[in-house]
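In case you want the letters, here they are:
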Amino acid sequence: MTSRRYLKVATAVFSEMIRWSLWFFSILLVIHLIRIFWLNGGPSPIEGFFTFSQYSTSIFMLVLGIMSAYTFMGRHIQQGVSRRDSFFGISLAAIGLSLFLTVVPLVINGIQHLLAKVSVFPVALDTAVAFETTAGMVAAAIALFMNVLTYYLAGWLISIGYYRFRWIAGFGFIALTFIVFGLNDYLWKPGNYTLDWLPYEPLEADFWLTALGSAAMILVLFLAMRILTKRAPIKM
Amino acid sequence: MAASVQLNDVTLKFKKFEALKDVSLTLEAGKIHGLIGRNGAGKTSLLSLIAAFREPTSGGIFVDGSPVFENPEKMEQVAFVYDKDYKEETEKAKKLIALASHYRPHFDMDYAEQLIKRFKLPVNKPVNKLSKGMQSAMNVVMGLASRAPLTIFDEAYLGMDAPAREIFYKEILKDQEEHPRTFILSTHLVSEMDYLFDHVVIIDQGQLVLNEPYETLEARGASVTGAASDVEAFTADMKHLNEQQLGGTKSVMVYGELDESKRREAQTLGLEIGPVSLQDLFIYLTEEAN
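Heads up: the sequence lines are chains A and B, in that order. Residues in the first sequence are numbered from 1 upward in steps of one, following the working numbering. Residues in the second sequence are numbered from 1 upward in steps of one, following the working numbering.
No lab work stands behind these hints, which were simulated from the structure alone. Take the hints with a grain of salt, since some may be wrong.
[Claimed, not checked] So, partial list: chain A residues that the calculated Cβ filter (under 7 Å) puts toward chain B:
id, residue
1, R5
2, L7
3, A10
4, A12
5, Q79
6, S82
7, P233
[Said to hold, decoys possible] No farther apart than 25 Å at their CA atoms in a straight line, the calculated lysine to any residue pairs in the SDA-like style are these:
id, chain 1, residue 1, chain 2, residue 2
8, B, K95, A, F14
9, B, K21, A, M236
10, A, K8, B, K13
11, A, K189, A, I66
12, B, K13, A, R166
13, B, K95, A, A10
14, B, K125, A, R84
15, B, K129, B, R118
16, B, K15, A, W167
17, B, K95, A, R84
18, B, K87, A, R19
19, B, K21, A, K8
Each residue gets a CB set at the ideal place from its N, CA and C atoms; glycine is no exception.
Model the full structure from these sequences, guided by the hints.
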């Protein structure tokens, strides 16, 4: 019982976020299909669902993260869950959701790839391109997983900043997340490099080094969240 | 299952403002405790500490002898029902009640269903669309059905109409009989709720003003009723808390214990001695403290 409390939190949070995700993917898929069938803009091939959804998925995770402190933490403590169990539960749910958000676009992309072979679509789909810095589906999946998890953590960071320290300090937390995004771009999207205080050295040469850097950043973000939520007073 | 509460020299400060000043208090397990105080007296601050919503600036808070803050076993035993802002809550009432049952180990869904019927709570409506009274009823359903060993209702009746409040009070007494636990009921509707209390705590400006069993409160004062002139003469050197007169009959609420000789004197004068009302005592004690 004692060790199961965070699992209770994780299942409740995960099922809630999955519900939102299904809405999100349904809408996104409809938009994608509209683009394929009606707004394909001529003969040049358009991107497959995996590439199409990446940016939106990251933003979706950012929004979920921003909702986290306000939606979940107060609710958990009021239901007699400790901050520790709340943190581990939300973290597990976020990891689970990131996996889900990685697998679903890949599966849809795969289906599109198969359907494209039998010429279902009026326009060519570039389903092979998965992720610019990577090679192969596994690498693409790992990259997307780490990206969406980072975006979730960035949102969670903003949300705890506002939750604990009010709006002026909240802006400080937004600035902090820009650094997180900058580092994330530095690691994963050398082409879209936005930080000018770090020397520009594209890391695409070594995927695993990039993944390691990204994992380290995720770990630091998790640690920061634990520290920031550990003794947080609950808003009433 | 019932849990006890102990506060040792608890102080809570918000910057320079002291919400609670050196409060020490023991609340026995299995009793219904009334926490009474004026607006801003520190009731909610005190209760939020017991529910581990925040840490005190100094002092210790214990549930069944163990510190409650970040103690999963103890936090699980405490249900804190308060006037929550549901403006942004778009979930249905049914969903929030289901969530409570997911987290609360002693939650009784059958009992929750019964209460939902009694309060006529529209569980399929989004919570922010419910009336204030219905939101309070939903809170009460979650609090009662949680069967948490320590259940705290902080002015949980807000917005409820009189019949709904009556259901709430009756359910507390009924469920306390069948499933004994510790209740803390904070209120300023003293005259309406005083019959529920086994023990009374009054706080004012963050300080403890009174902390005693309901029965011994009688010794704190009395009501003296009879012919106006006799009552006036009898209570002339006593502290009057409240007076009411109807024709030639007068009733005076006095502060301080009436000893045996005084009681006998009242009897010979044909005066009726009754218990002091908690409401009058509360008003007097908090005015005195100010």
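Status of the hints after comparison with the structure:
Of the supplied interface hints, the one on R5/A holds, with its beta-carbon coming within about 6 Å of a beta-carbon of chain B, less than 7 Å. At a threshold of 7 Å, the smallest CB-CB gap from L7/A to chain B is about 11 Å, leaving the interface hint violated. For A10/A, the interface hint is violated, since its Cβ never comes within 7 Å of a Cβ in chain B; the closest pair sits about 12 Å apart. Annotation: A12/A was flagged as interfacial toward chain B, and the flag holds, the nearest CB pair being 6 Å apart, inside 7 Å.
Because the beta carbon of Q79/A sits about 4 Å from the nearest beta carbon in chain B, less than 7 Å, this interface hint is met. Interface hint at S82/A: satisfied, since its Cβ lies 4 Å from the closest Cβ of chain B, which is below the 7 Å cut-off. The criterion of a C-beta within 7 Å of any C-beta in chain B is met by P233/A, whose closest approach is roughly 4 Å, and the hint holds. The hinted pair formed by K95/B and F14/A meets the criterion: a straight-line CA distance of about 15 Å does not exceed 25 Å.
Restraint check for K21/B and M236/A: satisfied, since their Cα atoms lie roughly 21 Å apart, inside the 25 Å limit. Distance hint between K8/A and K13/B is unfulfilled; the C-alpha atoms sit about 34 Å from each other, more than 25 Å. Among the hinted pairs, K189/A with I66/A is consistent with the structure: their alpha-carbon atoms are about 23 Å apart, no more than 25 Å. In summary, the hint linking K13/B to R166/A is supported, as the alpha carbons are separated by about 18 Å, within the 25 Å threshold.
This hinted pair checks out: K95/B and A10/A have alpha carbons roughly 17 Å apart, not beyond 25 Å. Among the hinted pairs, K125/B with R84/A is inconsistent with the structure: their alpha-carbon atoms are about 32 Å apart, more than 25 Å. Distance restraint check for K129/B and R118/B: the Cα-Cα separation of roughly 20 Å lies within the 25 Å cut-off, and the hinted pair is therefore satisfied. Taken as a hint, the K15/B and W167/A pair is honoured in the structure, with Cα atoms around 18 Å apart against an allowance of 25 Å.
Between K95/B and R84/A the CA atoms are separated by roughly 24 Å; this keeps the pair inside 25 Å, and the hint holds. Among the hinted pairs, K87/B with R19/A is consistent with the structure: their alpha-carbon atoms are about 22 Å apart, no more than 25 Å. Between K21/B and K8/A the CA atoms are separated by roughly 37 Å; this puts the pair beyond 25 Å, and the hint is violated.
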